[in-house]
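Asks: Take these sequences, add in the hints, and give me the full structure.
This is what each chain is made of:
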Amino acid sequence: MSLETFWRYVPSLISGFEVTILCWAAGGALGLALGFAIALLYRLRLPPLRWALRTFVEIFRGTPFLMQLFLLYSGGPYIGLRLSATAAGILGLGLYSSAYFAEIFRGGFAAVPVGQIEAALSVGMSPFDTLRRVILPAALIAAVPPMVNLLIVLSKETVVLSIITVPELMYQMQTMAAETFTAFDAIFAMAIFYWLLVEAVSRLGRRVERRVTAFMTEEARPA
Amino acid sequence: MRPQVILHSFGYLTQAAGVTLALSLAGILLGFLVGSAVCVARVSPRPWASWLGGVYVSVFRGVPLLVLLLFIYYFLAEFGLDVPAVAAAVGGLALSSGAYQSEILRGALNATPKGQAEAAVALGFATSDIWRRILLPQAFRLSIPPLINEFILLLKASSLVSVVGIAELTRVSMNIASLTYRPLEAYVGGGLFYLAINLGLAAVGAYAEKRLATGAAR
Numbered sequence: 008m009s010l011e012t013f014w015r016y017v018p019s020l021i022s023g024f025e026v027t028i029l030c031w032a033a034g035g036a037l038g039l040a041l042g043f044a045i046a047l048l049y050r051l052r053l054p055p056l057r058w059a060l061r062t063f064v065e066i067f068r069g070t071p072f073l074m075q076l077f078l079l080y081s082g083g084p085y086i087g088l089r090l091s092a093t094a095a096g097i098l099g100l101g102l103y104s105s106a107y108f109a110e111i112f113r114g115g116f117a118a119v120p121v122g123q124i125e126a127a128l129s130v131g132m133s134p135f136d137t138l139r140r141v142i143l144p145a146a147l148i149a150a151v152p153p154m155v156n157l158l159i160v161l162s163k164e165t166v167v168l169s170i171i172t173v174p175e176l177m178y179q180m181q182t183m184a185a186e187t188f189t190a191f192d193a194i195f196a197m198a199i200f201y202w203l204l205v206e207a208v209s210r211l212g213r214r215v216e217r218r219v220t221a222f223m224t225e226e227a228r229p230a
Numbered sequence: 371m372r373p374q375v376i377l378h379s380f381g382y383l384t385q386a387a388g389v390t391l392a393l394s395l396a397g398i399l400l401g402f403l404v405g406s407a408v409c410v411a412r413v414s415p416r417p418w419a420s421w422l423g424g425v426y427v428s429v430f431r432g433v434p435l436l437v438l439l440l441f442i443y444y445f446l447a448e449f450g451l452d453v454p455a456v457a458a459a460v461g462g463l464a465l466s467s468g469a470y471q472s473e474i475l476r477g478a479l480n481a482t483p484k485g486q487a488e489a490a491v492a493l494g495f496a497t498s499d500i501w502r503r504i505l506l507p508q509a510f511r512l513s514i515p516p517l518i519n520e521f522i523l524l525l526k527a528s529s530l531v532s533v534v535g536i537a538e539l540t541r542v543s544m545n546i547a548s549l550t551y552r553p554l555e556a557y558v559g560g561g562l563f564y565l566a567i568n569l570g571l572a573a574v575g576a577y578a579e580k581r582l583a584t585g586a587a588r
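Heads up: the protein sequence lines correspond to chains A and B, in order. Residue numbering for the first sequence follows the working numbering, starting at 8 and increasing by one per position. Residue numbering for the second sequence follows the working numbering, starting at 371 and increasing by one per position.
Everything labelled a hint here was simulated from the structure, so no lab data went into it. Please note that the accuracy of each hint is not assured.
To give an idea of the chain A side of the interface with chain B (calculated C-beta under 7 Å), a few residues [to be verified]:
{"#": "1", "residue": "T70"}
{"#": "2", "residue": "L73"}
{"#": "3", "residue": "M74"}
{"#": "4", "residue": "F77"}
{"#": "5", "residue": "S81"}
{"#": "6", "residue": "L90"}
{"#": "7", "residue": "V166"}
{"#": "8", "residue": "V167"}
{"#": "9", "residue": "F191"}
{"#": "10", "residue": "A196"}
Negatives, chain B to chain A, calculated, CB over 12 Å [to be verified]:
{"#": "11", "residue": "H378"}
{"#": "12", "residue": "G381"}
{"#": "13", "residue": "V389"}
{"#": "14", "residue": "A396"}
{"#": "15", "residue": "L400"}
{"#": "16", "residue": "F402"}
{"#": "17", "residue": "G432"}
{"#": "18", "residue": "D499"}
{"#": "19", "residue": "I504"}
{"#": "20", "residue": "L506"}
{"#": "21", "residue": "I514"}
{"#": "22", "residue": "R552"}
Label-pair distances were calculated between CB atoms; the ranges are [stated by the list, open to error]:
{"#": "23", "chain 1": "A", "residue 1": "L128", "chain 2": "B", "residue 2": "T550", "range": "25 to 35 Å"}
{"#": "24", "chain 1": "B", "residue 1": "L422", "chain 2": "A", "residue 2": "A196", "range": "19 to 29 Å"}
{"#": "25", "chain 1": "B", "residue 1": "A481", "chain 2": "A", "residue 2": "P134", "range": "36 to 46 Å"}
{"#": "26", "chain 1": "B", "residue 1": "A489", "chain 2": "A", "residue 2": "E25", "range": "52 to 62 Å"}
{"#": "27", "chain 1": "A", "residue 1": "A126", "chain 2": "B", "residue 2": "A496", "range": "50 to 60 Å"}
{"#": "28", "chain 1": "A", "residue 1": "L47", "chain 2": "B", "residue 2": "L569", "range": "22 to 32 Å"}
{"#": "29", "chain 1": "B", "residue 1": "A392", "chain 2": "A", "residue 2": "R210", "range": "36 to 46 Å"}
{"#": "30", "chain 1": "A", "residue 1": "P54", "chain 2": "B", "residue 2": "L569", "range": "13 to 23 Å"}
Even for Gly, the Cβ is constructed at its ideal location relative to N, Cα and C.
Replies: Take a look at the structure:
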């Protein structure tokens, strides 16, 4: 492929990259919020609710992401859920990651020493204040490393959205490859690009992680 | 929703689940070989070997599996190599899983106390015997639960090989969806199969973890 031909595809590739970032950010944010809500509700200790949340988490962790996307995108209209590909992709990423985020937050809550909670209650803090000032800060910090990890995994999962025709980078690249008969060059470039992207995101993530857990001693820091 | 659709296609789904299971099993076993080799390279005292091992892990964990699978597919086509799609798919799964498995094995190896290897050296064990009799048995034991976990992840990731046209669980669900015009039932049916397999594997993992916890090197 000549450089000239490639040049004509640059705008579509850039727009694809924007969609990739959008899906990642929106899907990740949705998953984070949903997962946090699930973990909080789980603390209520209502058996039927717990059972329902557990089932939700097991279903989304036990089935492939691609399957969930198909169900949402082509099965959704049959139950009145008509979504554009991008909306389905973002919702799918959000639901899928929420199950993993919920487990991360649950682990974070479990990492808060019971003695601290008892102490807070015994000095007269309200349950809400105990949650806000004692439990949450400690739980969230314990949850940072696996959260960073999951966000990195999610950045790779956005590629799967191309299968349900979300116009993200992979989709645009495949369109270009099909129109210019350059499948191998295109996929080679994609492999290099995603490798660099994931590597950069991982390094950035590790730095954020070290910053947030900087006050901890070396042994207390989660591996 | 008409559950009959799932019942009618039960035979196809069962068969497809078998294909998914076989693909993942082949991928995890080959991946174990790859992972062991990469792990040995990474803990090697030779700087170039450990550097190469590190690059392998970084590349194969960094490139999304879908990109990797298509890359292998087009790579074989570009150079005119006539490799069946199934072999390409299993190869892709194994290369990717190998990177993750090497990290699992390395973690397990690091978890075996250093003093044991030192004691073995002091007692005059040969290097090969230290590996064969002291390090590997313990490392393998420690890595079984995370390896089962990796198997679950790989089984889910294997749904991506449907894009190269292999009739595994996801592909067959797609076919049922387009044949019956009932995507909801088809994907719920396929999903139930994945769920059943994975819950079974998770139970095996939990059992293994409990069994191996008793009498582990701690």
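Asks: All hints are to be evaluated individually against the structure, with a verdict given for each.
Replies: Structure-based check of all given hints:
Annotation: interface hint on T70(A) holds; nearest CB of chain B at approximately 4 Å, less than 7 Å. With a least beta-carbon distance of about 5 Å to chain B, the hint placing L73(A) at the interface is held under the 7 Å criterion. The criterion of a C-beta within 7 Å of any C-beta in chain B is met by M74(A), whose closest approach is roughly 5 Å, and the hint holds. Below 7 Å, beta-carbon pairs count as interface contacts, and F77(A) has one with chain B at about 5 Å; its hint therefore holds.
Nearest Cβ of chain B to the Cβ of S81(A): about 4 Å, under the 7 Å cut. The hint holds. The closest approach between the C-beta of L90(A) and any C-beta of chain B is roughly 13 Å, which is over the 7 Å cut-off, so the hint fails. Annotation: V166(A) was flagged as interfacial toward chain B, and the flag holds, the nearest CB pair being 4 Å apart, inside 7 Å. Of the supplied interface hints, the one on V167(A) holds, with its beta-carbon coming within about 6 Å of a beta-carbon of chain B, less than 7 Å.
Proximity of F191(A) to chain B holds as hinted, the smallest CB-CB distance being about 4 Å (cut-off 7 Å). Contact between A196(A) and chain B, as hinted, is not supported at the beta carbon level, the nearest pair being about 10 Å apart and thus beyond 7 Å. For H378(B), the requirement that its beta carbon stay farther than 12 Å from each beta carbon of chain A is met, with the minimum near 17 Å. For G381(B), the shortest C-beta to C-beta distance to chain A comes to about 19 Å, beyond the 12 Å cut-off, and the non-interface label holds.
Interface exclusion of V389(B) from chain A stands, the closest Cβ pair being 14 Å apart, more than 12 Å. No Cβ of chain A approaches the Cβ of A396(B) within 12 Å, the least distance being about 18 Å, so the stated non-interface status holds. The Cβ of L400(B) lies farther than 12 Å from every Cβ of chain A, with a closest approach of about 20 Å, so its non-interface assignment holds. Annotated as non-interface, F402(B) keeps its C-beta farther than 12 Å from every C-beta of chain A; the closest such distance is 22 Å.
The Cβ of G432(B) sits about 4 Å from the closest Cβ of chain A, inside the 12 Å cut-off, so the non-interface label is violated. At roughly 31 Å, the least C-beta separation between D499(B) and chain A is larger than 12 Å, which holds for a residue marked as non-interface. A cut-off of 12 Å between C-beta atoms confirms that I504(B) is not in contact with chain A; the least separation is 24 Å. The claim that L506(B) lies off the interface holds: its Cβ sits roughly 23 Å from the closest Cβ of chain A, which is beyond the 12 Å cut-off.
Separation of I514(B) from chain A is adequate, the least Cβ-Cβ distance of about 20 Å exceeding the 12 Å criterion. Here R552(B) does not stay apart from chain A, with its beta-carbon only about 8 Å from theirs, under the 12 Å limit. Evaluation of the 25 to 35 Å hint for L128(A) and T550(B) yields a failure: the beta carbon distance comes to about 57 Å. At about 23 Å, the beta-carbon gap between L422(B) and A196(A) stays in the expected band of 19 to 29 Å.
Hint check: A481(B) to P134(A), Cβ distance near 40 Å, so the stated range 36 to 46 Å holds. At about 58 Å, the beta-carbon gap between A489(B) and E25(A) stays in the expected band of 52 to 62 Å. About 56 Å separates the C-beta atoms of A126(A) and A496(B), a value consistent with the hinted range of 50 to 60 Å. In this structure, L47(A) and L569(B) meet the distance hint of 22 to 32 Å, their C-beta atoms being roughly 25 Å apart.
Restraint check, A392(B) to R210(A): a C-beta distance of roughly 38 Å satisfies the suggested window 36 to 46 Å. Checked against the hint of 13 to 23 Å, the C-beta distance between P54(A) and L569(B) comes to roughly 20 Å, which is consistent with it.
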